[in-house]
Amino acid sequence: MFDKTLAELAGGLAAGDFSSLELTESCLNRIKTQDAAYNSFITVTEELALNQARAADSLRASGKAGIFTGLPMAHKDIFCTQGVRTSCASRMLDNFIAPYDATLIRKFNEAGAVTLGKTNMDEFAMGSSNESSFYGPARNPWDTERVPGGSSGGSAAAIAARLVPAATGTDTGGSIRQPAALCGITGLKPTYGRVSRYGMIAFASSLDQAGPMARTAEDAALMLNVMAGFDPLDSTCVEREVPDYSASLNDSLEGLRIGLPKEYFADNLNPAIAEQVQNAIREFEKLGATVKEISLPNTALAVPAYYIIAPAEASTNLSRFDGVRYGYRCDNPVDLEDLYKRTRGEGFGDEVKRRIMVGTYALSAGYYDAYYRKAQQARRLIQQDFVKALAEVDVIMGPTTPQPAFRIGEKSSDPVQMYMEDIYTLALNLAGLPGMSVPCGQAQGLPVGLQIIGNYFAEAKLLNVAHRFQQATDWHTQAPASIKG
Amino acid sequence: MALERSDVEKIAHLARLQLREDEVEGYTQTLSDILALVDQLQAADTADVEPMAHPLDAVQRLRADVVSEDNQRELLQSVAPAVENGLFLVPKVIE
Amino acid sequence: MEWETVIGLEIHVQLATKTKIFSGSSTAFGAEPNTQACAVDLALPGTLPVFNENALRMAVMFGLAIDAEIGKRSVFERKNYFYPDLPKGYQTTQLAEPVVGRGHVDIERADGSTHRVRIHHAHLEEDAGKSLHEDFHGMTGIDLNRAGTPLIEIVTEPDMRSADEAVAFARTLHSLVTSLGICDGNMAEGSLRFDVNVSVRPKGTETLGTRTETKNLNSFRFMEEAIELEVERQIDVLESGGEIRQETRLYNGDTKVARAMRSKEEANDYRYFPCPDLLPIVIDDAYVEAVRATLPILPAQWKATFVEQYGLSDYDASVLSSNNVQAAYFDQVAKACGDGKLAANWVMGELAKHLNQHDTDIQASPVSAEQLGGLLERIKDNTLSGNIAKKVFEIMWQDGGSADEIIEAKGLKQVTDSGAIEQIVDQVIANNTKQVEQYQAAEPDKRGKMLGFFMGQVMKASGGKANPGAVTGILKQKLDALCD
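Residue numbers (the numbering used here), protein chains in the order written: chain C, 1 to 485; chain E, 1 to 95; chain D, 1 to 484.
Pulled out of the complex, with its shape left as it was, chain C reads as follows (with noise of 0.2 angstroms):
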């Protein structure tokens, strides 16, 4: 039961073959017996799952059950889950138990999921490798010496283990594509304002969006279908039809135009990645598609004004973590400033911090204009590349990563190099347009993953293009060797 995918499970459960309780004990189980491998979630909300499951299960038998009724998820612990711990990584919210639920959540609610649990993540989705939770690392089911990827790593993780089918994920610079590539998984980060934010702890307003992250493109359709919409409570949430993701799955791809920009080819990308994703190319081509080479001119500028906008949003999104209303406070402060100082300093990880201070730096008096109103400047520019290349061609296409996963500390002692990880996926959330990560391929034993961007709010062409190349290759099948039956 553990290696089907959401589409399959949700094909079981209609056909009566298990009950939704039975499928969520299996998850629950798989969890318990084998999660201390991957350390990818944060919290199990097992007494809830159970609830879920046997609610759906009566809905079942009332005739009144959808699509995803009774469908076992985990959710990236940035979403606000009612009564649920939701920590963000942090140590600053290792005690806070939110008192709402995040929109996504009360859609996923609605439509029948049931929440396995809150998985790991970097601190306050600051990270490329996961390194920088609270709650420790999570670790690659490919090789757990090496990262899953990061942000939303634990999701990753959780998923290429069949520990779970599907989970939500988050990405700011590449937080769903980049685990996604580096776990052999697929994910999708839709545009900018598909997807309701409310409640999903803000890092860089402007540049966050929440995804689905899955086996197939046919589990991400499935849940992209909960996900997208208007919401009234989220200001930058678009007013726009949602069409069902899973209906174009199938279109031909005969005359799909694709474009490589040679930027995404160029020195640092390892060369087996890069024979990966040419080989993915050809099956297009095999698809009918037709491949022409693009220019992305400033692709160079995407790392150094995504560097300055991301910090400098977050800088003031985590002003409000102060130790007054919720979250964690500093023992005995002497005085105001001694309980701001401390409760911040003792409560927020070494990347926070760090990213604080370059955002705090980048728009105080003096630097403004050379940094944030520079790399504002910057991302039109970036987003004109995007905009003139998606008038030539249907979809873009690279790799996700120029390296696959790495070991667990090679990179974290030097945040620059980190941030080196995230050169192909940033410019997609400066530009807000939306892009995926599929299976494309491995190399050295690990993962490949292809990248896939479409122009805005063309999410179904991505997924369509995602589920033909799934037909038509298996690697998206691929499990790691150490999982367990």
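Heads up, a few of these hints could be off.
[To be verified] Below, computed lysine-lysine pairings styled on DSS-like, alpha-carbon distance capped at 27 angstroms: (1) C/K262 x C/K286; (2) E/K92 x D/K215; (3) D/K256 x D/K130; (4) E/K10 x E/K92; (5) D/K460 x D/K335; (6) D/K449 x D/K465; (7) C/K292 x C/K107; (8) D/K410 x D/K465; (9) D/K465 x D/K353; (10) D/K476 x D/K460; (11) D/K79 x E/K92; (12) D/K79 x E/K10; (13) E/K92 x D/K130; (14) E/K92 x D/K256; (15) D/K130 x D/K215.
[Said to hold, decoys possible] Pair ranges (Cβ atoms, derived): (16) E/V59 x D/G311: 47 to 53 angstroms; (17) C/D350 x E/S6: 17 to 23 angstroms; (18) E/E4 x C/S295: 38 to 44 angstroms; (19) C/S252 x E/V59: 35 to 41 angstroms; (20) E/R20 x C/E285: 20 to 26 angstroms.
Worth flagging that the hints you see were computed from the coordinates, not collected in a lab.
Computed from a predicted model, the values in this text were never measured in an experiment.
We put the beta carbon where it would ideally sit given N, CA and C, even for glycine.
Once you've looked at the hints, dock chains E and D against the given chain C.
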């Protein structure tokens, strides 16, 4: 741009972050490295480019002026570190 | 040396919306602490702001009322600083692109001349919570009910030259925002708060002196006192060779003492930047014109009408026009009875007295303008004497009803029939022989004064209903006949 130790201390104060004595050196180094990375931006020609604050060219939606929230004090203060008589307590504020 | 005072004001006006600027919490004053502070107001992780349409409409109304440029695109920014009454660690406000641009407010000086105060801009922002300093074991208590209440902050140019001018401006602004209905004007509850920037310079010089800011003055009197005290202090410092330090000061209206604030000594670096959780507010001409169409008649317009149309004095017209509800009420009463001066006397007299005694305002007056107008009509047509009218008013206030209904029910119609009055007069003369003798004995030119006694007796005997004019004539005629 290389930062001095004193710059880091100033930034940390502005952000209300207590750094341990032995941490300041490390932060001075990594923050300087990051600033060197982002300084690559200075070479970009951005003359006449309109800054982009948001990915979507959208405008603010307006909310009807109707009360939608009721009193949830008990629930919301259940996660507060220090509360008395419905008030959040902090060390004495001196104006 | 002679000194000149230069004053600029920043005014925080709480907008009279039902809900907060970015959440659906109520803004009603006086609730139990933190019972009107929802997840958004408490800045719970993951919460997001959504902007209140009414706050925008009210800000635009204000802009139109001061003849300002309206920002067709305005942007919320974050002003970052740590303070326990500021839950997010930043205030959402406007800086580079405010909703209201340059405008002006004309004020009237004590000598009747008009002075124009330029408004630099007005922007939308959120209010902070309150710190309560009563002793909680040496701690401060934080109430966030006020956090997120919509404000417009109005910033003037340094166009005032005395405490009097500043207070005149403050009063004019108060009547403007209350007339617009965008603020309840309750200064004791902090609905309108003034920060005064004061500097002095040698008379005849142009360069501005170093200014201080005295924050959060919430009455006109405190404002006047604080300015006068600060001007005096600055002159003292300068004349004894000292320098003015740019600082923020607090004035205590009870002790009449001012001091520099301790908490804001360091130079702040607010790190303003556009709030990424909110998008630019964009409005078009149609929106602005639609708001303009809802503007009520403003105090200056009312006042001009009252002087021209009803012949009121400047003073009466100013008082009646200072508040839009009162102005409209008066206007309706005046139209109904066709006598502006009579209406003004009643609105500023009997009605104001009753409102005051019952601690209510004209909006909640149990006597409507229609009722009062009907009453005054009956004075005009001699159905009622002034005194009886007051009785009718009292009944109206207590039990409601129109003047005609009350007159009918209580039989209060004035007696003008001379036959009936003659009967009463004869009775009074017969019952007061002693006073009649005194009258007869008096010199003819002293008799007029003695008439008052008989008048009083006749009115009393008639239950106040006899027409005083008719009584005087008949009395005089009958008494004088006895003297011949």
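Evaluated hints:
Only pairs whose Cα atoms come within 27 angstroms are accepted, and C/K262 paired with C/K286 is accepted, the gap being roughly 22 angstroms. For the proposed pair E/K92 and D/K215, the alpha carbon gap of about 20 angstroms is at most 27 angstroms, so the pair holds. At most 27 angstroms may separate the alpha-carbon atoms for a hinted pair to count; D/K256 and D/K130 meet this at roughly 23 angstroms. Annotation: proposed proximity of E/K10 to E/K92 holds, straight-line Cα distance about 24 angstroms (limit 27 angstroms).
A C-alpha spacing of about 33 angstroms is found between D/K460 and D/K335, which places the hinted pair above 27 angstroms, so the restraint is violated. In summary, the hint linking D/K449 to D/K465 is supported, as the alpha carbons are separated by about 22 angstroms, within the 27 angstroms threshold. As the CA atoms of C/K292 and C/K107 are separated by approximately 40 angstroms, the hinted pair breaks the 27 angstroms bound. For a cut-off of 27 angstroms, the pair hint linking D/K410 to D/K465 stands: about 11 angstroms separates their Cα positions.
For the suggested pair D/K465 and D/K353, the alpha carbons sit about 24 angstroms apart, so the restraint of at most 27 angstroms is met. Of the supplied pair hints, the one linking D/K476 and D/K460 holds, its CA atoms being roughly 17 angstroms apart against a limit of 27 angstroms. Between D/K79 and E/K92 the alpha-carbon distance is near 23 angstroms, which keeps this suggested pair within the 27 angstroms criterion. For the hint pairing D/K79 with E/K10, the CA-to-CA distance comes to about 18 angstroms; that is within 27 angstroms, so the pair holds.
Proposed proximity of E/K92 and D/K130 is supported: the alpha carbons are some 13 angstroms apart, at most 27 angstroms. About 24 angstroms separates the Cα atoms of E/K92 and D/K256, which keeps this hinted pair within 27 angstroms; it holds. Restraint check: the Cα-Cα separation between D/K130 and D/K215 comes to about 15 angstroms, which is no more than 27 angstroms; the hinted pair holds. E/V59 and D/G311 have their C-beta atoms about 51 angstroms apart, which keeps the hinted 47 to 53 angstroms range intact.
C/D350 and E/S6 have their C-beta atoms about 21 angstroms apart, which keeps the hinted 17 to 23 angstroms range intact. For E/E4 and C/S295, the Cβ-Cβ distance of about 40 angstroms falls inside the hinted range of 38 to 44 angstroms, so the restraint holds. Distance hint check: the CB atoms of C/S252 and E/V59 are about 38 angstroms apart, consistent with the given range 35 to 41 angstroms. One distance hint, 20 to 26 angstroms for the beta-carbon pair E/R20 and C/E285, is violated here, with the actual separation near 57 angstroms.
Hints 5, 7 and 20 from the list above are not met by this structure, while the remaining hints are.
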